[in-house]
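Visitor: Chain by chain, the residues:
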Amino acid sequence: MNAGVGNPGGSSGLCIEGLGIAYQTAAGQRQALSNVSLTIRRGEILALVGESGSGKSTLAYAILRYLPPEAVALSGSIEFDGRDLLRLDDAGLRDLRGSRIGVVYQDPSTALNPTMALGEQLLESVRRQQPSIARAEAVARAEALLRRVQLGDANAIMARFPHQVSGGEKQRVMIAMAIAGSPSLLIFDEPTSALDATTAAEIVDLIKDVQAEYSTAVLYITHDLASVATIADRVGVIYAGTIVEEGAAEAVLRLPRHPYTRALLNSVPNPFRAGQRRRFELQHAAQAAGARAAGGCKYRWRCPAAIEVCAQEPTLEPVGADQRVACHRATEKGLDLRSAVTRATFAPRTAVDTSQALLSLRNFAVMHGRRAGISGFFGGRDSRVAAVDGVDLDLYAGRTLGLVGESGCGKSSLARAIVGLLPSGGDVVFDGQPVPPGAWRAHSFRRDVQIIFQHPDQALNPRMRIGESLKRPLKLYQANADVSLDHRVAEMLERVHLSASYARRFPHQLSGGEKQRVAIARAFAVNPRLVICDEITSGLDVSVQASIINLLSDLQDALGTSLLFITHDLNLVQHFADEIAVMYLGRIMEMRPASAGTLPPYHPYSEALLSAAPVPDPDVQSRRVRLSGAIGPRSFSTVGCRFTARCPRKIGEVCDARAPTLEGEGGHRIACHIPRSELASIPPIWQVHGKLETGTNSKQLISARNETLNQA
Amino acid sequence: MREIATRLIRNPLGVAGLALISFALFLAVAGPFLAPYDPTQFHVRARLQGPSAAFWLGTDQFGRDIFSRILWGARSTIVFGLTATMLGTTFGMCIGLVSGYVGGRADEIVMRLIDAKMAIPNLLFTLLILTVLGGNATNAVIAVAIAFTPSMARITRSVVLSERTRDYVNAARARGESSAYIMFREILPNVAAPVIVESSIRVAFAVMLGATLSYLGLGVQPPSPDWGLMIAEARSFLQRSAWLALWPGLSIAVVAIGFNLFGDGLRDALNPRVGEA
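These protein sequences, in sequence, are chains A and B.
Numbered per the working numbering, the first sequence finishes at 712, counting up by one with no gaps.
Numbered per the working numbering, the second sequence finishes at 1277, counting up by one with no gaps.
Rather than coming from a laboratory, the hints here were simulated on the basis of the structure.
Be careful, since some hints might not be right.
[Said to hold, decoys possible] With a Cα cut of at most 16 Å, we get these calculated EDC-like pairs of lysine to aspartate or glutamate:
#1 A/Lys650 - A/Glu678
#2 A/Lys471 - B/Glu1108
#3 A/Lys475 - A/Asp457
#4 A/Lys475 - B/Asp1038
#5 A/Lys471 - A/Asp486
#6 A/Lys471 - A/Glu494
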């Protein structure tokens, strides 16, 4: 079966054949994986892509035999270096897990023991390999491993505890532990999803680097199809426990054949489409309820191209040179798999009245920590730091301002201070009325400015029914006896594409995306004029993120609400924002109109952020700009540019001595000492290679690329 | 709610506790109707008798039927335990909720006062109050309730401290809800579970503390049939007629164990993670 792929059954690498796994539940068996066949040869990276609940992690744990007792392997085999892992005894498993297979988990902060120094944890892995090794030798080996994962000061890292190093450094230590036994298979389970964009890009570089050196087989699990282009040789797309498409990464990304792969690719923000205000693919996970039911193509419940024949289960058939697809209609020509919503763009922008901003911040500042007060008298230090330090922003009616920055840059503090959850300094003017400093806000301000939080699990009271939560803003701000509150709640739910029956549910009965929809419904309940979205999609799958963005934009178009969209993903926000502010350590580094697209000039920090964003396109080459170090601690007395310590384009003493101001015309302003003309002359981050002759400038390049994309 | 009930029923110890409590509650309600004799009626000819067909559990020094007195005593003992605990829990929850939510200097002062109270043993503290107020059943309930307040406040406050940082509280604040609404409608339902568990275990302590106070003559006054009081009266006859102290002692133990087991079962039932692992 499936002889089209490489050399299945070869002695090296991993070969999964017809694997089926089910969980025994009270309601009978629930199929987690069915008939999965995959091959990863040595020296090859296979990216397994799927949304949460698709079974991708079950597959990883099946390889390690880490499955819970309720899991039953129903069929198939997992052959690794000539042995069937499903039939291995305990001794064989122990040998396998420590040395032959290395694993790196999603969240490095929970995967490391918080009470042990990093060095000791690494030494454990080294000793497992060679139990008789002398301590000095083991330490030397551990240090060599740390240097291998580019942790410069290996000695110092060894002595530190997990809470004393950054997330990126923890993940590097995890990788060092995984490669301690020179494994022939490495499994990465969403290794970058807990990290910042720039750190994630470095980790991906490191994974490729390590893989090349050891020529191991790598299984890279992710929910983000975009990251596949940068890392993978091959890609497998998994949906509801079955592989729906598999093949060489280049082939799959250039011409995805399965409707699900296309939908995934469409939900990924592609920088070449930035500024076009094109809609993302809209997917209703709720409609996939029947997916686990036996029989037929599992995707047909969501598929825009489903026909009668889809009730029969498709098999993975080779299509093209190096690609297999499980779809009855994969080879049909001219099949438009885009749903009507996808084909549409967002409503076009009308001219904006820039004479008066809806919200304007001047010299806005937020302080954290305590004033020295009386303890200062006894030598205590003033421990205050400025989370936000002198920010000027203007937000116009009906517009979207994207605020981009990495964790710790102060963007959440800014959001919370605007709505009065944190005390702030500086001037705030809302709708022509000055807002007093401090945390007090007027009744009308609280009605007009709403905030949506990052974690939907926390933002809804777990002991309150959804309907009850949704009624609160109505009770506070719209005492309208004409319409019953229940009726209004049903309307609000309908607005966010949820059925009225959700009003009776509790938050824990909803998925993450559904909870976020409820939070959106609550924020829009009383037709606010400004909604602040604080990282509202960062905990969600890419496809759910896409549907949330579509929803927000529709609401904005319908109600004329202004949005302040806060995110760490510059690439995402370029798609629907009108203006983008890039923030670093409490200051705005750059203000870009979205119409500037992805072309220079950039602030050196924006340049690094853009470079870190993966592009789901094999024909696009991104220029590597990597930052050294992590976001540093702030002290009150910083005089120079905030970015100076990590800036790859630092020009000299002036950067340390004087903070640059935002300068520039046409709404595109950059805070940098490097002259504007010089910034404008640097090459763009993204280049389309091999398609166009030299001599064309970058703007032409990109517009040509966009044309081909639109035709595809 | 139904889920919690199902999980509680699946827990054998919790069910045993529930059965013991139900039995005790049944006695508290129906005991006086089942009792074969008036609990204060003297049978002068049959003093200090052992268990017999006429007097199932024997008689005391005045010839009163022990079985009837146990049945009658269930009411006062259980009512005492429940009211004292409920009063203490309510006071403690309110103090903990406000103190934890408001925070700052007020919280600091309340917590230091609670520390001071917790340094004094409960028995000593209740004795102190009863000495001032005078020993009777109502005052004993108040004394025990006050003694329980600080620890309930502590527990409530610790849960409030973690709940108040959650975004649903931030959302309510940003929405402009009043502090009272946030404390009692948003936060309170989320702190109730651990507090209810703790207070169900505390009922057992209250029953024993009440019995102790009656024994010391500061709670229920003779000739009322109270289990603690019965033990106190049996003290002088311990060498001749040990069962006099045995029956009320056993009854107190059964109620205490019942509430303890029920509290444990409730804790497991309210925490969905136990049992899944």
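Visitor: Now tell me, hint by hint, if it's right for this structure.
Guide: How the hints compare with the structure:
1. A/Lys650 - A/Glu678: holds (13 Å)
2. A/Lys471 - B/Glu1108: Outside the cut-off at roughly 36 Å; violated.
3. A/Lys475 - A/Asp457: Not satisfied, since the Cα-Cα distance of roughly 23 Å exceeds 16 Å.
4. A/Lys475 - B/Asp1038: violated (59 Å)
5. A/Lys471 - A/Asp486: Distance ~8 Å between A/Lys471 and A/Asp486 Cα, so the pair holds.
6. A/Lys471 - A/Glu494: holds (15 Å)
The earlier numbered hints that this structure contradicts are 2, 3 and 4.
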